[in-house]
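Colleague: Chains as they are written, first to last, in the numbering used here: chain A, -10 to 559; chain B, 6 to 144.
Each pair of labels, with its calculated beta carbon distance range:
1. A:281 / B:126: 45 to 53 Å
2. A:256 / B:83: 38 to 46 Å
3. B:81 / A:262: 36 to 44 Å
4. B:89 / A:225: 25 to 33 Å
5. B:28 / A:269: 49 to 57 Å
6. A:256 / B:54: 56 to 64 Å
7. B:78 / A:149: 36 to 44 Å
8. B:78 / A:256: 27 to 35 Å
9. A:281 / B:63: 39 to 47 Å
10. A:229 / B:31: 22 to 30 Å
11. A:105 / B:18: 54 to 62 Å
Quick list of in silico lysine-lysine cross-link-like pairs, DSS-like style, CA-CA up to 30 Å:
12. B:45 / A:153
13. B:45 / A:308
14. B:78 / B:45
15. A:308 / B:78
16. A:105 / A:121
These are calculated hints, taken from the structure and not from any lab test. For every residue, glycine included, the Cβ atom is placed at its ideal position computed from N, Cα and C.
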Amino acid sequence: MRLFPGMLMTLCGLLAALPSAAQTRPPEAVEYRDGQLRGQLPYGEPFVLYGSTRPPGAAERAEVVQIMLYEEADPRRRRRQERRLLGRGRAVAAVYGDEPVFIGSWWAGTDRDPGKFDVYIGRPLWPDTRYKLVFNFFQRHEINDTLTRQIVRDVKEGIYRLNKRSVRVDDVARQLNERVARMTDSLSFGYLRTTPEGEVIFDRGVRELSLPVGGEFAPSVQEDIARLVREEMALRSADSLLRDVRLTLQALARSQPYLQLAARLEDLALDPAVRVPFSMAEVQSLRQVVESGQAAADPFMRLLPFAAADGGALTDPQKRLILELQTYYQELTVNIQTVQRRQAAIVILNERIGPGGLDRIIASGFVLAQSASVVTTPFTQLAEAPEPSGNPPPGAAQRRAAPAEVLSSSTGFDAINIGTAYGVSAVGLNFGRPAGGGSGGFTLADTEPDLITYLGVKFYFSRVDKSLRIADPYPLPRDRFSLLAGIKVSGQLNYRGADLGNVIGVQPVLGLSFDFNRAMSLDAGFIFFEQETLSPLTSYARLRAAPFAGLSIDANAFNAVRKLILSLNP
Amino acid sequence: MAEAIRPFVQIVEPEPLVAHEAQTAGLDVLVFPKALGVCKLRITLLADECVFQEPGGLTQALEREVFCSDLFKGILTEVRMTLVCSTPGSQPILIRVYAEAQNSEGGVSARTPDFNVDFRPAPRIEDSAAPVLPDPPTV
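Chain B extracted, bound-state conformation (with noise of 0.2 Å):
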């Protein structure tokens, strides 16, 4: 039996990515899975008092699915995720996260060069403040 084609992944630029402390970033990947079928997305993080936070729970890499009807073809996807981090302080943690997948056929692809994420401290209420609605026209 012939060994699997390995599939290969890249998180697309600009770096750094910002990442606010408990809200959602998005991070754009693409993927070539070269294998028709389910294709997973593994995301690590490299950092050590950061983690992903999950509808499950906690977690230092985070899983994902692509779908591939197309074996020549790359995919972007954007893969949302929220990170925590314990003493997060007043100034940014540099932290990298680095992308892997997984074809159908079992095909393993290289882990992608580290990518940067800044992580900073959720911005005060102020800035994030909902924007001031106009008055109702009056009759």
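One chain only, chain A, in its complex shape (with noise of 0.2 Å):
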């Protein structure tokens, strides 16, 4: 008997071993098919839940899937009206938290499968509790130039049509955040963004209808948008006065003292008999300049002294002429180069805009994928059955604008609900007499402890199980309480020095019993024993309680012992 305590503990800790045993398997894995979850939704460890990447009733495949997991908000609830309505065949509402418990993304890559999504739900569910699934499909939009330049067009619009000659930096930020949001705002089924951690969650706080400003990316953006108005304005305007030199030097190319001027020049340049500074090239210069209203090497560098000069080779009017040239000639020259200079920095504009541009804007607090490239959008491309009568099927119009699947699945119970408990506890029957039934005042310190172990059954009120592979099994405090129901194994009770009998063979306990964890416990209750008469006159026993209070672990040796019979039997 003295060795039974021993075996006992040794037989639960092998017992509490068996569990941890299977912790090596992998994750459980649902399927998600045709708008169903295959099987059911396992509880207590993290799983995978797998599917198409093709929506119900769609034509492609989403590029992003996203599951949010809801869960039931008052399962007891619910379990009490299903008891109720046992056999009557009503279904029975369950009601969701407003918040989803969990939120999952899978996002396609190159080294994935496209047709296949699986997203690993790291939250494990309880048990017997209904779960509502949200699946959002979406698409992953490449925020590229076309995007870019849809937005940057809009922005320069609105400064355009703002009218004015100055352009504001402020007036652009307006105007960015203004579409950029208005852009966000089409996406209907909230925003993807990284923590600062680098996990994707689901941003459902309430945005604001403008970007940070304040940023480091955003004023670089503003600038350069605002910049690229200006320069647009500035190329208009130079383009605007070179035409007018070149139209000016059109009709000038036709009037008789430039047609005198050029000829009497080539004449000196070609006549040996005069030595002139200038060359022919240089007169062919000018008339290039002249007659195309092309650039052209500076014709004015030796002819301008030569015609100060006053050698007489010219007339009056013809250095007039030819100082006015130039003058044309440097209009000219500063209106092509300021208009390749305007066109060079639109260009380099338009490239540091570009789609860099955007991300810096987007990556700023909406939508960013793993990847500062991406942006995701609804996935709309939901395939539409044609009609007869031409018009789409009734609701199609909200399935395009809404495409998320919503399911709602249980989990369910695959345990024994009953633990076991062997403990030592303390039985208040000598409180404060000394030990041995020796008589004598109240004294706690010679107080007899009447020390016993137990063996129990503990019969929970909520589903509990211990098997969860998670820290905290119990989901309220309540469902730590149990029914304690075993029998003393050891420990001799007796009371003023006569020993208590059994009851039936044994002295039962019964009492509540409180989980700390899963592995120990805090029992109380009362301890029945019969108990002989002290009168040597009278010969009868009397049935007697007496509280106690003690501790006990459990091993949870029916599960352990199911799994152990299962795994034998596959």
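Both chains are given apart, each in its own frame, so use the hints to dock them into the complex.
Modeller: Next comes the structure, spelled out in structure tokens:
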């Protein structure tokens, strides 16, 4: 009998070790197909939810699948209603929490099967609880030049509509905010963003219709767009000036004074008898400038000093004409250079604003994938069955606008809802009395502890599965309570020197148990025994009870044995 | 009478010129008057909410004069100007200016292409604080 407690402890330890042996197996997998879950949602451990990336009725695959999991708010109430309605064939509606308890996403990648998504649901589910699953399907949208240009063009048009000659960066920022906010507003199903830790989450916060313009990214983009607008304004102005100069030169090229001057300069350049400081090439440059309006090498470097020297080769009006032609040449050159400079600046600014520019805006707090180069849009390419009348089917528009699939499923309960207890307790029989039934006053120091060990089972009021691979398998504090029923295993109870006897062969124990954790419990209740009458004149026994309180360990033996049996008979 | 020769004027790079609110900035302008004597230079602002601040008041265009003593040479001059804008805000206002000239013969130049000026709010006090002078040496 003395060995019994030790053996029991060893057995409990072995049984408790059994569930841990199964922890190396891969996580459960649940398939989502054709709008239904194949198989029951597992509880108590992470699992993988996989399925087709093509939503029901859709023609294209989604590139991002987001799963939001909503938990039943009050499963006990629903279960009670179900028990009452058992057999009546009426469904009981579940009420789900407003906030999802888990959000996970799958992103298509080059190394992944594009036809199948899998999301690791890292949040273990509770037993016998209903869950609502929302599947959001998205398509990745590259922030390419088209999208960037579209937004920048809109912003620029907004600035031009202000009809101002100056460009305020503040105005650009406001226009940019409005348009980016409008674009992101078109994403009806919330926004994915990455946390500083790199986790992609569903941003449910209320978004403000403005960007953090004070951030590091924004001013440069806004300024770049403002500069782009100014460069375009300046380019138009320079183009107009250049056109005017060329028109003037065209008219001048046909004038008699110019033609006479050009002929005179050619004669001088070709006449070997006259030594002039300019060459025929410079005269040809002058002709190119005046007659074609194109930039050329400066023809006035030596021509102008020659005219200024007043050698008698040119008339005064011809000298003035050379001076005037120089003005046109300067205007032509400056305007050509300005146009080229503006065009180059516009190219550079467009490149700077480009895909990276919009990334910088959107990455600020809106939609961001693992890569900064992608943004998600709702999956909108749902297939439409052609209707004979040509009208879309009823609800088609709604489906296009809401490409999310919602379904509910319940976890089951796959465990024996009974725990085991092996504990040590003190019985309140001789509290304040000396050991051995001695007489005397109240004495706590010498009081007899009446220690016993007991073995029992615990009937939980809630569905508790202690094999859950989570730290705390109790959904609520009240789930920790259970009804304890057992028997005394060792320890002799006596009262006033007389041993207390068994009731039907044992001394039963009945009480309540409170689980500190899955292995340790605080138990309290009553132990039942028979007490022989102390009087030698009478001989009868009475059923009596005494309170006890103790600590017990729970090896979850029933479930351990069940798992062992199941593993032997798969 | 022959038509007057037109002068040529050019605002010299680099642009943009950064002008802080109510602070003087210099704009380099190259003028070829092409007529001897006084040549008037006019800088016009292309902005709706900004003006030049001159001793005589606020103006949309400011005028300067240069003296020409050589028909065939250009004159580089720095035009000092002070800009003020309404509701300057915290972000720059991108504006443009252009220049024109009129020489002593009455010839008027074509306007220059637009030249970019960035108007920025006045720098904060701590940015423009005077440098701290070292303590005087002790004997």
